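K.L.:
The primary structure of each chain is shown beneath.
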Amino acid sequence: MKRIEAIALAAEAAEAQEALVVCNIGFPSRELYALMDRSENFYMLGSMGLASSIGLGLALVLPKRRVIVLDGDGAVLMNLGTLATIAHNAPRNYLLVILDNCCFGSTGSQPTCTHFGTDLEAIARGAGAESVRTVANAEGLRSALAGDGIVVAKVEIGNADVPIIPLSPEKIIERFMKSAQQAERS
Amino acid sequence: MDRNKQQMNPSLAVYRGVKRAGINFAASVPCVNLQQLLRLVGEDPEIMHLPVTREEEGVGICCGAWMGGRKPALLMQNSGLGNSINALASLDLLFKVPLLMIISHRGCEGEQIIGQVPMGKLTPKLLDAMQIPRLSPSPDQAEDVVAQAWSLAEERRSPVAVLLDLQFWRAK
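Heads up: the sequence lines are chains A and B, in that order.
Here the numbering used here is used: position 54 in the first sequence is 54, and no number is missing along the way.
One gets the numbering used here by counting positions in the second sequence from 1 and adding 1000 to each.
Since the hints were made in silico from the structure, they are not lab data.
Where hints are given, some of them may not hold.
What the hints assert, rightly or not - When the alpha-carbon atoms are kept at most 30 angstroms apart in a straight line, the in silico DSSO-like pairs for lysine-lysine are as follows:
no., chain 1, residue 1, chain 2, residue 2
1, B, K1019, B, K1096
2, B, K1096, A, K178
3, B, K1019, A, K178
4, B, K1096, A, K171
5, A, K154, A, K2
6, B, K1096, A, K64
7, A, K64, B, K1019
8, B, K1125, B, K1019
9, A, K178, A, K64
10, B, K1121, B, K1096
11, A, K64, A, K171
Computed from a predicted structure; not experimentally measured.
Just chain A, with the same shape it has in the complex (with noise of 0.2 angstroms):
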């Protein structure tokens, strides 16, 4: 599976279920904006490795609404110590999807810890997660995307080609609030 077509998948279920998406920056967010722009989608510019964490935080406040973090696992690797605080805090509307594709995709696919073995399902599960799974194809991730918890997506090296995300920080965050406020509050 490519990682555009499981962002593809993703974003589908998130259009399905109303939910707020989370995503990691570069080119899996530049993926999604081409894919399926949506003012619930929150794409992350900088701060690498705190998607999980965004979204966590954002599932804690508003229960009432799903959130889907698209995740990689060299983001996930930069901030393990936050699979920890999922795991014991992490509602049932909150799903983290680990892009896994063994490299830093956006920088020239250098080969990351998972590429020479390191599970993150086991990680996740050792950090105390209970629902956690490793999906390999369309068929596992969309069963996936209907619950709730951790999943590790495997996925192939390779960037679609799409351009740079031409919205404004300010622009994102303001009708990613409104969207998100608004929908909690209804």
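On the provided structure of chain A, position chain B as indicated by the hints.
P.N.:
The following block gives chain B in isolation, referenced to the frame of chain A:
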């Protein structure tokens, strides 16, 4: 009134400021000087409190909480400021996200632990370099200043730091 404030316990003064600001979400990494404040915040049913593993993670979680409509504070030692620089700059400053940072400022006058000194000296300079406002109240000013710090954060749409050094926590 003034007399009461002067006699106020430093942790309680900060807590009252936090309450007056309407803070209803807190992430924290402990410092020995934050013990009592963490207990007060943790026991407050109006504040959702999340102990986190690293301060940078707390910046991310607080950003999410703010986007979801909460008023967030991050309680930490100044060593954690060093762990949070990139997140403060490329998340909070970039997207204009307010955050109240209550920081136990170690490594200043009276510090016994030599390892605290380098970050202690750098802390004000790091905040200044990032153009993050910093306020250093005495215990009798703390309630007002903490409440003002959050107002400033909302007005500027930026993090604001309240630095509380060893002298502050020693006051009785």
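K.L.:
Now tell me if each hint is right for this structure.
P.N.:
Structure-based check of all given hints:
Straight-line distance between C-alpha atoms of K1019 (chain B) and K1096 (chain B) comes to about 23 angstroms, which keeps the hinted pair within the 30 angstroms bound. Our distance criterion of 30 angstroms between C-alpha atoms is met by K1096 (chain B) and K178 (chain A), whose separation comes to about 15 angstroms. Annotation: proposed proximity of K1019 (chain B) to K178 (chain A) holds, straight-line Cα distance about 26 angstroms (limit 30 angstroms). Using a Cα cut-off of 30 angstroms, the hinted pair K1096 (chain B) and K171 (chain A) holds, with the two alpha carbons roughly 11 angstroms apart.
With a C-alpha separation of about 9 angstroms, the suggested pairing of K154 (chain A) with K2 (chain A) holds against the 30 angstroms cut-off. Taking the CA atoms of K1096 (chain B) and K64 (chain A), the gap is about 25 angstroms. The hint holds against a cut of 30 angstroms. Annotation: proposed proximity of K64 (chain A) to K1019 (chain B) holds, straight-line Cα distance about 26 angstroms (limit 30 angstroms). For the proposed pair K1125 (chain B) and K1019 (chain B), the alpha carbon gap of about 29 angstroms is at most 30 angstroms, so the pair holds.
For a cut-off of 30 angstroms, the pair hint linking K178 (chain A) to K64 (chain A) stands: about 15 angstroms separates their Cα positions. A C-alpha spacing of about 27 angstroms is found between K1121 (chain B) and K1096 (chain B), which places the hinted pair at or below 30 angstroms, so the restraint holds. For the hint linking K64 (chain A) to K171 (chain A), the alpha-carbon distance of about 24 angstroms falls within 30 angstroms, and the restraint holds.
In the structure shown, no violation is registered for any of the earlier numbered hints.
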